[in-house]
Amino acid sequence: LLSSSQEQPRESGALRDKYEKALRAYQAEVEKLRAANEKYAQEVVDLKAKVQQATSENMGLMDNWKSKLDSLASDHQKSLEDLKATLNSGPGAQQKEIGELKAVMEGIKMEHQLQLGNLRAKHDIETAVHVKEKEGLRQKLQEAQEELAGLRQHWRAQ
Numbered sequence: 058l059l060s061s062s063q064e065q066p067r068e069s070g071a072l073r074d075k076y077e078k079a080l081r082a083y084q085a086e087v088e089k090l091r092a093a094n095e096k097y098a099q100e101v102v103d104l105k106a107k108v109q110q111a112t113s114e115n116m117g118l119m120d121n122w123k124s125k126l127d128s129l130a131s132d133h134q135k136s137l138e139d140l141k142a143t144l145n146s147g148p149g150a151q152q153k154e155i156g157e158l159k160a161v162m163e164g165i166k167m168e169h170q171l172q173l174g175n176l177r178a179k180h181d182i183e184t185a186v187h188v189k190e191k192e193g194l195r196q197k198l199q200e201a202q203e204e205l206a207g208l209r210q211h212w213r214a215q
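Residue numbers (this note's numbering): 58 to 215.
Simulated from the structure, these hints should not be mistaken for lab results.
Beta carbons: idealized from backbone N, C-alpha and C, even for Gly.
There may be inaccurate statements among the hints.
[To be verified] Here are the in silico distance ranges between beta carbons for each label pair: (1) L198 <-> D103: 53 to 63 angstroms; (2) M119 <-> A178: 27 to 37 angstroms; (3) H133 <-> S113: 28 to 38 angstroms.
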């Protein structure tokens, strides 16, 4: 009985140490989980902010396109009304309108040719850049293949 009463404090101390160690491990794990949870919560907040920003940008773009479409529809309607008025006016006014329209058409053609020339030049520059990059990459590939062949020969020699 005396022996068992002496072992009891030792066993209870060992059990207490074991449980305290397990408790500390669980608390550490809980802290890790809390930190991970906070990290994920912050990521969710960041992603929600990004989604909100993208949504607002998309709404802005949609409003912009809607206003452009409305403007085009209004311009089209005005053009139709002008055409009706021109058809109802006399031949002298029609000749004047035709002359103005020809001048506008020539201006649009010149602008179109200028834009086409600019686009061709831009395309030529981009093509030249891509060709240069391609040649550089081809040269790097050739150097890497030569180095690989040299390393293989060195390896076989050993």
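Hint by hint, here is what the structure shows:
1. L198 <-> D103: 53 to 63 angstroms: Given range 53 to 63 angstroms: violated, Cβ gap about 40 angstroms.
2. M119 <-> A178: 27 to 37 angstroms: holds (34 angstroms)
3. H133 <-> S113: 28 to 38 angstroms: Given range 28 to 38 angstroms: holds, Cβ gap about 30 angstroms.
The structure does not agree with numbered hint 1 stated previously, though it agrees with all others.
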